[in-house]
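The listed protein sequences correspond, in order, to chains A and B.
Here the first sequence is numbered in the working numbering, starting from 1 and rising by one per residue.
Here the second sequence is numbered in the working numbering, starting from 1 and rising by one per residue.
Calculated from the structure, these hints are not laboratory results.
Heads up, a few of these hints could be off.
Straight-line alpha carbon distances no greater than 20 Å define the calculated SDA-like cross-link-like pairs of lysine to any residue that follow [as the list claims (entries may be wrong)]:
1) K13(A) with F120(A)
2) K78(B) with F221(A)
3) K78(B) with E224(A)
4) K13(A) with W131(A)
5) K78(B) with D142(B)
6) K78(B) with H220(A)
7) K78(B) with E223(B)
8) K13(A) with L87(A)
9) K22(A) with L87(A)
From the structure, some residues in chain B lie toward chain A, with a derived Cβ separation under 7 Å [stated by the list, open to error]:
10) L74
11) G77
12) A129
13) G133
14) N165
15) A210
Now the stretches of chain B that chain A is said to cover, found in silico as 3 or more residues with beta-carbon under 8 Å [what the hints assert, rightly or not]:
16) 87–99
17) 136–150
All of these numbers come straight from a predicted model, not from anything done at the bench.
Every residue, glycine too, gets a C-beta built ideally from N, C-alpha and C.
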Amino acid sequence: MNDLLAVLWVARKDLLHETRSKATTVATLFFSAVTLVVLAFAIGQDESLLRGAATGALWVALAFAGVISAAQSYQADLEDGAFDHLLTTPVPRAAVYVGKLLANWLFMLLLGLLMLPVTFVLYGAAWPTAWPWLLATLALGTLGFALIAVFYAGLTANLRARESLLPVLMFPIVVPILLASVRASGALVGSDDLALAQGWLRLLVGFDLVYAVLCTAIYHFVVEE
Amino acid sequence: MMDASERLRRPAWLRAWGVALVPLFLAAAYLGLVWSPQDVNQGNLIRIMYAHVSVAWIGFVAVGLTALFGALFLWRGKRRDDVLAVASGEMALLFSALTIIGGMTYSRPTLNTFWTWDAKLTLTALMVALLVGYFIVRALIDDPVRRGRVSAVVAIIVAASLPFNYLAAEWFRTLHPSRAIALDGSGVTMAPEMLFTLLFNTVVAGLVYAWFMVDRARLGRIEAQLEAERAERELGSVPSGGVVRV
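Chain A with its partners taken away, still in its complex shape (with noise of 0.2 Å):
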């Protein structure tokens, strides 16, 4: 219970401190609007294909401000020493990974939520009649992300390079979460193509699962001192 409301405060506090910056969410919010603007230059002007790109876009915009946002919310802390005050307290460390990412979630859903409109005016891709569905791989898909970005930034927060650092650790891992988020996205969006969606989609539920679990469980190892 009290390890429950630990995570809470944590998150209330991560996501407290954005609010009043707001330095991450405008600099996630413009990247991934400006990424989603140079892939579809890079894609070029036809249609077909830059519909057919428009998850596959969406997703990479995600994945990098996820990466920025995770970083920064460790960024944050270690400024003034905050975060060895914050391991001084009498809970577990896995409640502040838990806490910081309840924050990362929320905000790369947030994120999420609000780059679907802009991809699908700039891509020109049609409105998904399962568009629940689509909101369910967006959640899962975030999570998963989220969990391995909160982690690694976690252990990269004080090494040198951690900038360069931290894309080259946890891309190779999220590999499985964004291609089974493209292509269940894809299906949806592009062929309405339900079971296929959902068989991506038990994908995604495993791994977050599986990681929920481990990273949980050796996260302690990763933030001492």
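Dock chain B against the given chain A, drawing on the hints supplied.
This is chain B only, laid out in the frame that chain A set:
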């Protein structure tokens, strides 16, 4: 205090093992290159498979053992486990790099391309990237205990990601049917001579891996000792119990 050359000398049993590997390796090569029959479809090209598949299998075992030794280090905190994890990790990196080279050698004549998005090849490429990340992290942390713990965590996460990466790559491929066939003979019935050759090659590859790993771990222990002695000298007084005993 041991003499430096005494310390560096390879024990007799390890030397014997190393010498025994040479005829074993030659026998495996002979079986693969001369003794085993030609394949119905691939002819002599099947002979690449023996070296390629055995190295790939051992590479995956090596990654699993790296994570296992890492987990042991987290559990018991003995420096010896960390040393073994690194030794296994280095061999895993070498074997997966060899797997990619072997895979490209094999797929150029059979599939007429150096690279296919075959699930196993994709998985191996990701594995190389993940192992490189493991060593980057190790290089960035100076404190041996913290280095061991953080890299153990990375190894565990990496090993857990392999089944997901494989599933995703496999499903990804089935959506885009390529000309790739089951390269390792799964679903294809193999002649008994072929199967024997493959298993023999795998055993030899495993022995080669184990020899290098044990020898690397031996060097790792010396490194750890040296590191501990340096730390003691910097502290001035030498604690009698020794900070890190291996």
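Results of checking the hints against the structure:
no. : hint                : in the structure
1   : K13(A) with F120(A) : 33 Å, violated
2   : K78(B) with F221(A) : 15 Å, holds
3   : K78(B) with E224(A) : 18 Å, holds
4   : K13(A) with W131(A) : 32 Å, violated
5   : K78(B) with D142(B) : 17 Å, holds
6   : K78(B) with H220(A) : 18 Å, holds
7   : K78(B) with E223(B) : 15 Å, holds
8   : K13(A) with L87(A)  : 14 Å, holds
9   : K22(A) with L87(A)  : 24 Å, violated
10  : L74                 : 6 Å, holds
11  : G77                 : 11 Å, violated
12  : A129                : 4 Å, holds
13  : G133                : 5 Å, holds
14  : N165                : 6 Å, holds
15  : A210                : 27 Å, violated
16  : 87–99               : violated (count 0)
17  : 136–150             : holds (count 7)
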